[in-house]
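Student: This is what each chain is made of:
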Amino acid sequence: MNHIFRRRGIVAGGIALTLAAALIGCSSASDDSGSTGGTSDDVTAVQSIRSMSNPYHANWADGGALFGDWADVEVVTIVDEGDSQTQLSKIRALGAEGKVFALNVDPNDSSTTEAIVKAVTEAGGYVVTQWNKPDDLWPWDVSDNWVAHISFNGETSGEEVSQALFDAMGGSGNIIALQGILDNVPAKQRFAGLQKALEANPGIKLLADQTANWDRAEAFSVTQTLLSQYQGQVDGIWAANDNMALGAFEALTAAGLAGTIPIVGFDAVPEALENIQNSDETGYIATVSTDPWWQGGAGLSLAYQAATGKIKVSELSHEQRAFYGKQIVVTLDNVGDFTKAPLLDALKSDLENPFLRSQGPIS
Amino acid sequence: MTLMNRRTDEAAADPSTAALRAIVPATGRSWRDRLTPLIPLVVLIALVLVITIKQPNFLSLYSMRGLLESVAPLLLLALGQMFVILTGGIDLAFAAVASFGTVLLALWIPDMGPGGIVLALLVTSLIGFVNGFVVAKAQVPSFIVTLGALGLYSGIGLWISGASTIRLSEGYDVVGWLADLRIAQLPASGLLAIVIAVVIAVLMGTLRRGRALHALGLAEPAVLMSGISTVRLRILAFTLSGLFSGLAAVMLVALQRSGGPSLADSMQLPAIAAVVIGGTAITGGVGGAMKTLVGALIIVVLRVGLSAVGVDPAWEQVFYGAVIVAAVALTIDRSRLRSIK
Amino acid sequence: MTHPPTVDERRLSPRVRRLIADAGPLVALIVLIVVFAVANPVFVSPGNIGILLSQAAVPLVIATGLTFVILLGGIDLSIEGVVATSSLVFALTVANDRNDLALGLFGALLAVLAGSVFGLANGLANVKLGIPSFMATLGLGAVGIGIATVLFAGRSPRVLDSGMRMLGQGSTLGIANIFLIAVLVLVIGWFVQRFTRLGRYGYVIGGDEAVARLSGVRVGRYKIGAFVLGGTASGIAGVLLGSQLGVGMPTIGSGTMFTAITAVVLGGTLLTGGRGGVLRSFVGVLIIVVLANGLILIGVNPYAQVAVQGLVIIAAVVATGWRLRTRVRIIK
Amino acid sequence: MTAVLEVKDLTKRFRGVVALDGVSFEVRPHEVVGLIGENGAGKSTLLKVLTGIYQPDAGVVLRNGEPVTFRNSSDAARAGIGMVHQEQSLVTSVSVAENILLGAEGDAVRFGFYNWPKLNAVAQRQLDKIASAISPTTIVEKLSFAERQLVELAKAMYVEEGAQVEPVIILDEPTSVLEGAELETLFAQIDRLRQIASVIFVSHRLEEVLRVSDRVYVLKDGRSVGETDAASADIDLLHRLMVGRESSAQFYHEDEQLPVDEAPVKLQVKNLTRAGQFEDVSFDVRAGEVVGIAGVIGSGREELSRVLFGAEPSTSGSIVVDGKPVKFASPVDAVSSGFGYIPAERRIEGIADGLSVAENIFLVAPQTAAWGPFRNPKKALEIAGAWIKRLRIRTPDERTNVGNLSGGNQQKVVLAKWLNSPELEVLILDHPTRGLDVGAKEDVYIFVREQCAKGMAVVLLADSLEETIALSHTILVMRDGRIERRFDAPAGSKPKPVDLVERMV
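Residue numbers (the UniProt record's numbering), protein chains in the order written: chain A, 1 to 363; chain B, 1 to 341; chain C, 1 to 332; chain D, 1 to 505.
Hints are computed from structural coordinates only; laboratory data are not their basis. No experiment lies behind these values; they were computed from the predicted model shown. Do not rely on the hints blindly, as some may be mistaken.
[Stated by the list, open to error] Stretch by stretch, here's where chain B covers chain D in the computed footprint (C-beta under 8 Å, at least three residues):
(1) 66-80
(2) 325-338
(3) 352-358
[Unchecked claim] Cut-off 25 Å, straight-line C-alpha distance, at most; resulting in silico cross-link-like pairs (SDA-like, lysine to any residue):
(4) C:K128 / D:K441
(5) A:K90 / B:V199
(6) D:K220 / D:E166
(7) A:K118 / B:F129
(8) D:K379 / B:V199
(9) D:K142 / C:K128
(10) D:K220 / D:P377
(11) A:K118 / B:V199
[Claimed, not checked] Stretch by stretch, here's where chain B covers chain C in the computed footprint (C-beta under 8 Å, at least three residues):
(12) 284-293
(13) 307-314
Think of the CB as a built atom: it goes at the ideal place given N, C-alpha and C, for glycine as much as any other residue.
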């Protein structure tokens with residue numbers, strides 16, 4: 001069936017030649033057609049999130065819809081189920097239609113952010129990015145099309161939520177800490193916040209800290225092991241996100257200690273909010289919310305106003321184009337207003353001035 | 001007295017059997033054997049047509065760029081795997097080695113520049129060499145050795161990178177041109193990968209020992225008894241797989257501008273699917289670079305096609321699994337398997 | 001003077017070699033326990049022993065099922081996909097926060113059945129389609145992860161049925177339920193291996209498939225049976241993990257395949273088939289769990305464990321295969 | 001009285017080669033029938049037909065007078081025919097009891113559940129029948145070869161329990177693994193078997209066959225050439241029957257055998273040993289000389305040829321080529337020292353099935369059709385075409401898959417592969433004419449004569465004694481791993497096959 005004098009080998013050689021000939025017409029991606037420039041009144045509002053069935057992103061999308069009602073503009077939502085390639089190709093498709101668009105996006109990881117902002121610049125749209133961004137890349141380095149980047153300072157919220165834990169412990173006792181992936185920026189900031197709170201509360205001792213890589217199953221087995229290592233000495237559990245806090249909670253239940261040891265987490269995941277609502281049984285006393293409705297509404301509003309020219313991006317200061325949003329510690333007393341979407345007028349002032357909740361520039 | 005003028009009559013000379021011989025196609029290949037190699041190409045063309053109808057701008061320059069950019073690392077990984085599958089083995093660690101390669105590149109390029117790339121390629125090729133050496137010398141099934149290697153090198157990768165993606169702060173332009181350069185408006189990364197595939201096809205077609213891996217896959221005992229070192233050939237196949245994992249790593253770092261311990265892991269299944277759907281048989285001996293190129297294009301076009309048709313990305317994983325089982329079942333050559341473990 | 005060519009065992013006499021193969025893993029386990037106990041006395045405290053046993057439960061269930069597949073000389077790479085799918089089937093059929101189904105124990109059985117169906121698919125692909133087991137299970141494992149991702153649809157369904165949570169969380173007479181269930185699976189596995197045709201023919205086919213066929217054994221049927229056992233074990237593991245963590249998610253099974261394969265290999269079951277058993281795999285599981293738990297207590301980086309497990313698989317398989325080497329042997 | 005087992009005009013063909021040609025024989029109740037014949041005479045094919053592994057192309061098998069057909073070995077077992085195989089056919093990973101009852105557990109395994117006590121009891125009963133002390137629960141891996149053979153015997157005995165009729169036990173070369181005392185116990189078993197069953201005893205050791213059997217059948221080239229009562233037969237008669245008529249010298253082209261006494265010594269083998277297979281083998285091969293090695297199964301000659309080509313390791317001794325000692329770690333070293341090997345397993349180790357005729361021809365020496373590292377298609381076509389013409393290989397063209405050719409043509413491709421290598425100096429022929437039709441065999445003989453004329457040193461392991469005697473200048477007879485005697489066989493004064501056979505068996 002296969003023999004020595006493969007004509008196809010020679011044919012393949014021919015293809016190589018034609019490709020080499022094409023070398024003459026080489027160019028570089030960066031000098032692509034520049035942004036069509038300018039703004040226009042006919043702008044489509046778009047928000048790109050991981051998935052509609054993820055409650056955090058579902059609330060984010062509701063925020064975007066609130067903006068749509070406020071500015072009576074139809075908001076398009078695109079979903080990527082956590083796959084960077086899909087997110088990128090869908091955003092690129094926006095450019096294909098040739099219309100100016102305003103995009104509020106939660107990139108999957110920092111390396112995708114760079115590709116997204118370049119694609120939007122190329123297509124002449126306006127984008128506001130949140131959470132993940134390469135540390136050494138700033139909106140003003142790329143173009144006016146990258147309007148701004150919003151992130152959240154883990155250190156301040158870390159300190160506040162740690163203090164809530166120490167108060168619940170009566171100011172004294174030992175805690176164990178479950179870290180996120182050690183090198184992720186939010187993980188480092190939140191742990192720094194915990195250490196700052198520890199300095200302010202000498203009565204609290206950190207017995208041990210282990211990484212559980214943001215994962216619920218790992219948090220379960222690490223907590224189990226630490227519980228058995230420090231039998232009876234653990235008075236509180238600090239976790240860098242709700243996912244791990246819930247894993248620790250399951251480990252406590254398995255050890256029959258549910259409700260006896262206070263737990264705190266971050267991200268205000270619905271399951272965490274429910275546990276906070278009956279914190280006397282669960283011992284789950286606090287988490288931190290970035291107010292996803294605000295993220296959806298204010299972020300899209302900022303991008304939209306830049307696209308319609310209401311906000312001149314060139315006049316924005318560096319602090320306005322890269323700022324920390326406000327984070328709120330959620331405890332039993334204020335958990336109520338985080339379980340359902342806010343009314344439009346509660347958010348109206350933020351929609352008009354997206355920078356209202358700015359906590360200062362990203363350092 | 002040579003064989004030429006033997007006395008007894010020779011059956012071939014007898015006219016009736018000569019006539020009979022004419023009916024059987026000269027190369028003893030039924031028309032079915034001729035057609036099956038073309039099926040993947042037909043599938044690819046059909047796919048492109050269907051998608052273009054559904055989404056006209058699929059053939060636009062814009063989406064072609066996206067297509068070529070995403071085929072580049074996948075094709076390189078698939079080519080590396082092809083060498084091993086040709087010998088009848090499998091390399092389960094090739095994607096993990098590529099991820100490990102991106103971590104090395106992200107750590108070394110900033111301070112070593114091009115030297116970092118060469119060193120990283122050396123390391124991944126060395127990993128392939130060691131895998132091949134263990135399989136060939138210890139005579140241990142390749143799927144077990146490479147399964148162990150998968151754990152070993154992803155473990156080391158996670159360890160030295162602290163389980164997080166490392167951004168290429170400076171020194172990126174050493175690889176940056178790969179992602180940035182355009183040839184005739186098309187991304188250099190994709191074209192380069194295709195050119196590499198073509199070069200391999202040409203070499204396999206013209207080199208003296210070009211089809212040695214095929215021979216090893218088809219008839220290893222006969223090859224060994226003809227004085228060809230099957231140990232050296234097998235080690236070569238695995239070393240090439242390691243080298244191509246390294247090349248795919250370079251391509252990934254260029255496109256993503258960062259390295260990560262699991263950056264290429266998600267490509268393990270699509271890359272194996274690409275090799276198999278292209279027509280390379282899992283039992284070895286049948287296949288080539290052109291088949292793998294077609295296979296890689298089918299996978300990439302399908303990925304875009306699936307989302308164009310509105311299929312939820314979650315179904316992609318189901319699709320890869322099903323394609324692998326179906327394609328292997330079709331291309332497998334049962335006569336070659338004594339007992340299927 | 002002449003007798004059929006035997007593999008010349010130069011160094012160790014066969015009897016000594018067999019002794020090492022049988023007792024080796026057990027000795028290693030005891031040595032490990034002593035070392036860690038000395039290094040950190042808490043290691044042998046009742047609390048830690050309890051934790052160890054519950055951490056050994058899921059790997060033990062998977063390793064028991066996997067032993068039957070490896071005894072045939074095959075492998076099952078679909079474990080993580082099957083565990084993921086069954087954890088979601090479990091979470092979505094018992095009382096949960098996603099739909100109004102509340103089938104209780106029947107839901108758990110459905111999840112285990114899902115595992116068996118995957119096992120059947122693995123078996124049919126290997127026997128009827130003639131696909132080598134590593135490729136068939138690799139493909140079907142991906143299908144498993146895919147189905148789990150679709151069922152997951154972005155958010156973990158939470159298990160609200162407290163009864164079902166007792167499977168993974170509760171304990172009776174001080175011993176974790178999850179471990180008791182795992183021991184039950186081990187006992188059933190031992191019974192099947194020792195007293196049923198499916199078990200015994202696994203050894204025969206793994207030992208010498210040609211002789212088995214020659215003696216009129218319908219090899220295909222028993223191979224499919226072994227894969228079904230493997231799939232069922234993964235199904236049970238999915239239920240236990242779902243019950244323990246209270247959610248179903250596609251990544252719930254990550255890491256379980258590697259641990260299980262390493263445990264079976266460490267226990268002494270040959271990857272080339274024919275030798276070994278579920279009790280040996282139990283010893284292998286304990287070695288892995290003791291190692292992992294001990295390393296955490298000493299604070300060794302968790303990623304090192306994945307690397308060590310990979311190395312152990314290669315070393316174990318080279319060690320057992322080294323003696324069988326000949327010059328013209330064809331191993332792909 | 002009717003025969004317990006009878007076979008009439010049994011014929012079996014493989015790819016055009018007749019393995020059994022109208023064989024007829026019968027086994028009477030409580031009788032031991034001996035079956036002898038040279039290698040390739042059709043003995044094992046006949047046994048495989050009797051045990052249902054092969055189905056005959058023509059002829060009929062009668063069991064107690066009724067014709068029967070066996071689709072597989074379980075059919076034969078149900079008809080009460082059990083066989084002790086030549087190579088071990090036990091599963092070493094499980095217990096003796098399981099092996100004995102494998103595939104036919106009966107009610108020891110009900111609804112898939114093993115009743116161990118019952119299983120062991122049935123197995124013990126079989127072991128008692130052959131008075132063996134082996135315990136049914138031991139794992140076969142722990143048993144010695146002799147013990148394993150007794151278990152195989154017990155397994156064959158178990159056949160009887162199922163069938164309502166007296167069993168026929170076939171023993172295929174049982175003595176090749178036994179020595180001294182173990183031989184005696186086997187003969188005692190056979191006498192005990194004689195009371196309750198009939199036995200077919202197949203062996204190449206004639207004095208054993210005569211001692212045990214009542215009647216003896218002789219097979220040659222797939223035909224039964226003689227049947228005698230053991231009492232009245234003697235070794236010489238059996239030898240003559242086994243070896244058969246003197247075939248014409250013309251068929252072997254004997255006239256083309258050139259004297260080689262002054263030719264330079266090409267290959268020297270000094271005290272070559274491989275533990276457990278052969279020891280202290282020494283011989284020289286001159287340029288143009290054919291050294292034939294005669295011997296039966298277990299004589300160690302096959303292992304010797306594998307060691308000469310580096311396919312198996314040697315324990316001690318040395319090989320010297322053109323005066324230089326060489327060490328072969330693998331066939332690769334052997335080929336680079338100018339050795340060639342025509343394997344017995346042609347379809348596995350000879351041709352590369354799946355590759356074209358041309359690609360096969362250039363497997364050994366691709367440099368002959370290349371410029372630099374690249375392949376030269378034109379030159380390759382030319383050379384391949386030349387070989388096809390020269391060796392008269394019947395193939396549509398150079399691109400045909402070699403697997404599609406007939407056995408004879410495949411062998412010619414293997415020959416071409418070696419001849420095409422310029423460095424070839426020593427050629428090892430391992431059963432070169434096995435499975436070939438008469439025409440193809442003669443082509444091989446002509447080829448051997450041609451190569452000798454060109455100064456090639458040849459080591460020949462021939463299928464039949466006749467072939468060895470006709471083709472060789474010197475003949476080494478091997479028995480039980482040692483060279484028993486050397487015979488000079490110059491053209492014209494060839495030794496008689498009978499002289500050789502005495503030394504072989």
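Student: Next, verify each hint and record whether it holds.
Tutor: Now for the hints, and whether the structure bears them out:
Restraint check on the region 66-80 of chain D versus chain B: 0 residues with Cβ-Cβ distances below 8 Å, three needed, restraint violated. Chain B is given as covering the region 325-338 of chain D, and this holds because 6 residues of the stretch bring a CB closer than 8 Å to a CB of that chain, at least three being needed. Taking a C-beta to C-beta cut-off of 8 Å, the region 352-358 of chain D contributes 5 residues in contact with chain B, enough for the three needed, and the coverage statement holds. Restraint check for K128 (chain C) and K441 (chain D): not satisfied, since their Cα atoms lie roughly 41 Å apart, outside the 25 Å limit.
For the hint pairing K90 (chain A) with V199 (chain B), the CA-to-CA distance comes to about 34 Å; that exceeds 25 Å, so the pair is violated. For the hint pairing K220 (chain D) with E166 (chain D), the CA-to-CA distance comes to about 30 Å; that exceeds 25 Å, so the pair is violated. Taking the CA atoms of K118 (chain A) and F129 (chain B), the gap is near 40 Å; set against the 25 Å cutoff, the hint is violated. Of the pairs offered as hints, the one joining K379 (chain D) and V199 (chain B) holds, with about 24 Å between alpha carbons and a cut-off of 25 Å not exceeded.
Restraint check: the Cα-Cα separation between K142 (chain D) and K128 (chain C) comes to about 35 Å, which exceeds 25 Å; the hinted pair is violated. Between K220 (chain D) and P377 (chain D), the direct Cα distance comes to roughly 47 Å. Violation of the 25 Å bound is thereby established for this hinted pair. Restraint check: the Cα-Cα separation between K118 (chain A) and V199 (chain B) comes to about 33 Å, which exceeds 25 Å; the hinted pair is violated. Counting residues of the region 284-293 of chain C whose beta-carbon sits less than 8 Å from any beta-carbon of chain B gives 0, not enough to reach three: the coverage restraint is violated.
Counting residues of the region 307-314 of chain C whose C-beta lies closer than 8 Å to any C-beta of chain B gives 8; at least three are required, and the coverage claim holds.
Hint compliance for this structure: hints 1, 4, 5, 6, 7, 9, 10, 11, 12 are broken, all remaining hints hold.
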